[in-house]
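Per the numbering used here, residue 441 is the first one in the sequence shown, and the count goes up by one each step.
No lab work stands behind these hints: they were computed from the structure.
Heads up, some of the hints might be wrong.
List of simulated lysine-lysine pairs, PhoX-like, C-alpha gap at most 20 Å [what the hints assert, rightly or not]: (1) Lys498 / Lys472; (2) Lys498 / Lys465; (3) Lys498 / Lys467.
Quick list of simulated restraints, FRET-style, between CB atoms [stated by the list, open to error]: (4) Gly470 / Gln527: 16 to 24 Å; (5) Lys465 / Met441: 15 to 23 Å; (6) Lys472 / Ile525: 35 to 43 Å; (7) Asp503 / Phe528: 14 to 22 Å; (8) Asp505 / Ile525: 25 to 33 Å; (9) Asp452 / Gly526: 29 to 37 Å; (10) Pro508 / Phe528: 38 to 46 Å; (11) Asp505 / Ala530: 39 to 47 Å; (12) Arg453 / Gly526: 29 to 37 Å; (13) Glu456 / Phe528: 18 to 26 Å; (14) Arg453 / Glu529: 38 to 46 Å; (15) Glu529 / Pro508: 41 to 49 Å; (16) Glu529 / Leu468: 31 to 39 Å; (17) Lys461 / Ala530: 32 to 40 Å.
Where a beta carbon is used, it is the ideal one built from N, C-alpha and C, also for glycine.
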Amino acid sequence: MLLATTRVEDVDRFIEVFSTKGAAKRKLHGSKGSTVFRDPSEADRLWAIFDWDVEGWKSFVSDPDVPPILQEAGHKGTPQAAMLIGQFEA
441 MLLATTRVED VDRFIEVFST KGAAKRKLHG SKGSTVFRDP SEADRLWAIF
491 DWDVEGWKSF VSDPDVPPIL QEAGHKGTPQ AAMLIGQFEA
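I would like the entire structure built from these sequences, with the hints used as guidance.
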């Protein structure tokens with residue numbers, strides 16, 4: 441699992457691209473799915489949980505086809521993966 445965050449210009453535009461072109465490209469790099477949340481404090485910030493390993497993420501972000509997809513989706517910068525610091529029961 442991987443958690444990432446990004447800021448976007450327009451949430452609807454982001455979802456349209458994320459759920460189509462973005463999904464196809466992520467799948468090519470091994471992603472098995474994602475869940476997206478809108479930040480309650482910052483309307484332009486989104487959080488996504490991916491069923492993906494770190495190697496797949498690194499391959500995705502280094503793919504030269506990805507920046508135009510991110511631009512089309514309206515990202516305000518580069519998505520950032522959060523650092524996992526632990527896993528706990530309950």
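So, going through the hints one by one against the coordinates:
1. Lys498 / Lys472: 15 Å, holds
2. Lys498 / Lys465: 13 Å, holds
3. Lys498 / Lys467: 13 Å, holds
4. Gly470 / Gln527: 16 to 24 Å: 21 Å, holds
5. Lys465 / Met441: 15 to 23 Å: For lysine 465 and methionine 441 the Cβ distance comes to about 19 Å; the hint holds.
6. Lys472 / Ile525: 35 to 43 Å: 23 Å, violated
7. Asp503 / Phe528: 14 to 22 Å: With a Cβ separation near 33 Å, aspartate 503 and phenylalanine 528 fall outside 14 to 22 Å, so the hint is violated.
8. Asp505 / Ile525: 25 to 33 Å: Holds, since aspartate 505 and isoleucine 525 (Cβ atoms, about 32 Å apart) stay within the stated range.
9. Asp452 / Gly526: 29 to 37 Å: 35 Å, holds
10. Pro508 / Phe528: 38 to 46 Å: Given range 38 to 46 Å: holds, Cβ gap about 39 Å.
11. Asp505 / Ala530: 39 to 47 Å: With a Cβ separation near 41 Å, aspartate 505 and alanine 530 satisfy 39 to 47 Å, so the hint holds.
12. Arg453 / Gly526: 29 to 37 Å: 35 Å, holds
13. Glu456 / Phe528: 18 to 26 Å: 36 Å, violated
14. Arg453 / Glu529: 38 to 46 Å: 39 Å, holds
15. Glu529 / Pro508: 41 to 49 Å: The hint (41 to 49 Å, Cβ to Cβ) holds, given that glutamate 529 and proline 508 are roughly 42 Å apart.
16. Glu529 / Leu468: 31 to 39 Å: Given about 34 Å between the Cβ atoms, the range holds.
17. Lys461 / Ala530: 32 to 40 Å: About 38 Å separates the Cβ atoms of lysine 461 and alanine 530, which means 32 to 40 Å holds.
In the structure shown, a violation is registered for the earlier hints numbered 6, 7, 13, in ascending order.
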